[in-house]
Amino acid sequence: MSASILSAAPVALPPSSNFLQRFCRNRTAVVSAVLLLAIVIVAIAAPWLAPHDPAKSSLRAIMRPPTWLHPFGTDDLGRDVLSRLMFASRLSLVASVQAVAIALVIGLPLGLISGYLRGWVDTIIMRLNDALMSFPALILAVVIVGLLGPSLTNAMTAIGLVYAPRIMRVVRGSTLSVREEVYIVAARATGCSDARIVARHVLPNVTGPLVVQATVLMGQALLAEAGLSFLGLGVQPPQASWGAMLGTAFPYMAESPVPTIASGVVISVTVLCFNLIGDGIRDSVGRMRRAGD
Amino acid sequence: MTADRPLLDIKGLTVQFPSPNGFLTVVDDVSFSVGRNDIVCIVGESGSGKSVTTQAAVGLVQPKGGRVTAGSAMFDGQELIGASNRTLNRIRGNDIGFIFQEPMSSLNPAYTVGEQIAEVVRRHRGASRKEAWATAVQALDRVHIASAATRAEAYPHQFSGGMRQRVMIAMAIACGPKLLIADEPTTALDVTIQARILEVLKELQQELGMSVLFITHDLGVVAEIARSVVVMYGAQVVESAPAAQLFAAPRHPYTRGLLEAMPQVALERGHDPIAIPGTVAQAHAWPKGCRFNPRCIYRQDGPCTTGSMPLTAEGAGLLRCAVRPDLSQGVGAL
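Protein chains in written order, with the working numbering: chain A, 413 to 705; chain B, 137 to 470.
Only chain B is shown next, with the shape it has when bound in the complex (with noise of 0.2 Å):
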């Protein structure tokens, strides 16, 4: 966090898909940056273009037939929208590593996990089979795979979903990467295997000195290991802020909904958790004004329902909301 500009730095990210009815854009406008040594969370809802935001920064979406509209995304003074894929193939597993949410088909099953890993240390690295190897063993023993020389030698599919999860992590770290982006990494396994996962990539983090962003829907998650928190919610970014202040005083109706909607949260201020009424906003049909205004307590016609709602400056971060209600009362006021 010492450094004068973010190793990652979003700024007016619009992302769209191809629908029946023309375009859609699942990503609206992000911004957001992760500093060095950083942990970033972006939080939401599924389908809050949490992942694709993420995956558009590192040209991941235009094979699957999505377009970047809009903005710009700063990796380390390099400017990765637009950017031909021979430049992004060398960045890709090399300066960023990626963690997908599906441990048990992320694994390439024609291959030892061993191979795998060895293959992107000697494209990125130039190395020797032998020296890749070693890397590749060293990467696992890292992760904490008991007895990682012989496990490089088995096959994904005798690997469990927690141990997979642990593989994917090797192979994303194995190069020494700036940032890592875990999307949803921990969504597929059993809570236990999830304190574990997290536990390394915490680890991890401090021993490498890179910088993470997770994404995730659990605020759980969020709690243990961000240092700052992006929440997304219809494609947008609606609130922005460090990760105590977030917990403590949030701004966002959405945000607060989250919170109380948390069985943690919500048995510590004695209450039910509360959910928010309401469905999720669709990409085909985002409401006028604020994207959340059809669910949200504290609307009011007028600000909240026309035109579109710009994304202010708020102290240490960033609010997109025209009421902002005093949130400070307790559930009461609810």
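The shape of chain A in the complex, shown without the other chains (with noise of 0.2 Å):
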């Protein structure tokens, strides 16, 4: 067989076994899916395992120094730090998924219509797309929070808006190669109908490049929820993510540095768990590919 017939292997997940088996191979995407993990269980088990109620403050333990008691130390209201960490984590973690689920709601379809129509239709929303990306993710979110005024609803909204264009792309572009197979043209020859086409044909040789970039988009909207709320755009007190906390602490750094570092290093682990897992199943899905037959 000529070379040329088997590069014509297209993108897909691969059947799960082999994929995991590949995706364990790969020794930082597993130590960031194991760490991600921990961080979700923690986030799902926070009203047990935190030590302190994360709004009880007290005026008599304002900012202090990490003891046995207060791991981190307390904050600028005597809050314990850890505790409230553990419960931001779930403010913090449900916002990424939330601006992700918006950007794939509006992204994947307008990426499969525009790349599997083409013509007018992809002019149009390829148009519309390359306006929205001409803007810095974050200055057009910050627009669209003030419209709407601050809430972490709305924040996440603005991510998600501002994040649907990239998965558009993706899907767009897998798309645009999909149509072409010939495994296309053989399911219109079984009466497939278009929309059969995309749902069962189109779709699922989409997904990897898909999941990959929903991976590395969850770590920036996490980053992103992180910058709004730093700013007191996102999640309004009493309550608090990672980023708000972030905030808060920072006036206070030069007196109490601990709360500031462990908002920031917990941000930090976090966006790199994503990014290195988004790496993992893009080599897991990729090494597939090259594999070919």
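Everything labelled a hint here was simulated from the structure, so no lab data went into it.
It cannot be assumed that every hint is accurate.
Claimed, not checked - Ranges of calculated distance between the beta carbons of each label pair, as one might list FRET restraints:
| no. | chain 1 | residue 1 | chain 2 | residue 2 | range |
| --- | --- | --- | --- | --- | --- |
| 1 | B | Gly443 | A | Val533 | 42 to 50 Å |
| 2 | B | Ser220 | A | Leu588 | 24 to 32 Å |
| 3 | B | Glu181 | A | Gln433 | 41 to 49 Å |
| 4 | B | Ile433 | A | Pro616 | 35 to 43 Å |
| 5 | B | Gln342 | A | Met545 | 39 to 47 Å |
| 6 | B | Ser220 | A | Gly531 | 16 to 24 Å |
| 7 | B | Ser182 | A | Glu592 | 15 to 23 Å |
| 8 | B | Arg265 | A | Glu592 | 52 to 60 Å |
| 9 | B | Arg265 | A | Val442 | 33 to 41 Å |
| 10 | A | Pro616 | B | Gly183 | 33 to 41 Å |
| 11 | B | Arg222 | A | Pro616 | 23 to 31 Å |
| 12 | B | Gln400 | A | Gln433 | 45 to 53 Å |
Predicted model only: the values in this text are computed from it and were never measured.
Don't be surprised by glycine CBs; every beta carbon is placed ideally from N, CA and C.
From the two separate chains plus the hints, produce the assembled complex.
Given below as structure tokens:
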């Protein structure tokens, strides 16, 4: 068989066993996944794991350095920083999921339609897409939150909107190449309607790149949420996300550095985990592709 | 071959594709028919329009930008040209099975082969998941894939080229079609695999009593399976005849040229294979008159080079030639 025929093998999520095996060989990705899983478990179990009430302030214990009682010290209102970080992880993670979900809900169908139909539909969608992408993500999100009013949901809707074009691009690109595959013509020759071809034959073959992009966006959304909350445009007190905690701790960094550093480290580690997992998935899918037969 | 009207009757089919210089006619006034329980081969060089003809008949060229400007394709009493997508989707995969040239890329890599076959069965037959799966395994068994039940759970990349083509055939016949269109199904495979695929096709044709429309550029394959042959050149049919007659006494100079270029035939007749001089006519620059005339040794200025050459009934077939030279003499005549 000639090389050109072999290289026509398209991107696809391989059978789960093979994919998992390849993913597990990537140590960095596995460590990241385990770490992220731990963070998720802590977030879920926060009410039972947290040593203190995250909202209970104590004016007699303001900005204490770390002790056995308060491992990360206390903040400017005397609240336990560790407990607050645990509870904040719930908001931060849910917010990222929310943003990426919105980006997917908007970007995936538009990408599929744009790539499959092409023509003027594609032109219109892509020009709008270019317009949106020409703004820096965070600036655009700030504008949208400014219009909608500051709240976590609004902030995440804004981030979702801003990230939708990135999902769309990836999906459109993959769709463009998948629609030219012979198996799409073959599907039509077995009597598939266009809708069915897109849902059953195109979609599964764009999931590989899509999962990678979504994972990386999770990290970016987390960072964007932190940024917006840091600026006071996201989560509103008394609730806290990691970004909001960083924002409130930052002015007192000279007197009490631990809360600032702790929030910063948690954010960085989680974002890093998402990115490394994304890389791991990309490589695992990619290797299958290169292996071809 | 008993029925009063043929299973597939294509008449005057003309297809155009857009190009930078306007629309090009890539299939020009093509007519032929496929009877019931029949095996018809369309032969021609690359670009002669043989694939497009069959794809146009079942509505597969429109999504690629092509358009049918004239002609009709009657399938079992139903006009296919201009039929709604809903109608075509009901017929495609159910009454008409399709096999493509590239077995390596004709299967969706995201599903197991069993799932892909079962999907077709479920949609057309309204079968339950279980029944559809059973039919899929049965279809795989029919094309002689060993331990079909286990192999049905494998993904396309776990199959070799020849095996994938078997899977494609299994998918095409799973619903028991009346017509199987095989578009160069053996071209991408090596010779030994080719022979086995042809055996499978012949066997299935007899078992299922379906008709096969086989597209190829390999006359060896034609000799192997065809009952009648349609020869295409430059987007037109130049000759059609029952296979035995075509091989014994070709009437069009192009057909004869193709036969003489075959090593097997040449060897039998005691000469070296003879190449047809010149190159294939291109869609943007068809010669005037007979499209084969620049390469034809029997060309007569006037009848061959002016007007457009009509396709006329000739004995048991059709012929598009103004000169009709006596081709019965041996190679010496060349």
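Hint by hint, here is what the structure shows:
| no. | hint | in the structure |
| --- | --- | --- |
| 1 | Gly443(B) / Val533(A): 42 to 50 Å | 45 Å, holds |
| 2 | Ser220(B) / Leu588(A): 24 to 32 Å | 27 Å, holds |
| 3 | Glu181(B) / Gln433(A): 41 to 49 Å | 47 Å, holds |
| 4 | Ile433(B) / Pro616(A): 35 to 43 Å | 55 Å, violated |
| 5 | Gln342(B) / Met545(A): 39 to 47 Å | 60 Å, violated |
| 6 | Ser220(B) / Gly531(A): 16 to 24 Å | 21 Å, holds |
| 7 | Ser182(B) / Glu592(A): 15 to 23 Å | 19 Å, holds |
| 8 | Arg265(B) / Glu592(A): 52 to 60 Å | 31 Å, violated |
| 9 | Arg265(B) / Val442(A): 33 to 41 Å | 36 Å, holds |
| 10 | Pro616(A) / Gly183(B): 33 to 41 Å | 34 Å, holds |
| 11 | Arg222(B) / Pro616(A): 23 to 31 Å | 24 Å, holds |
| 12 | Gln400(B) / Gln433(A): 45 to 53 Å | 50 Å, holds |
In summary, the numbered hints that this structure violates are 4, 5, 8.
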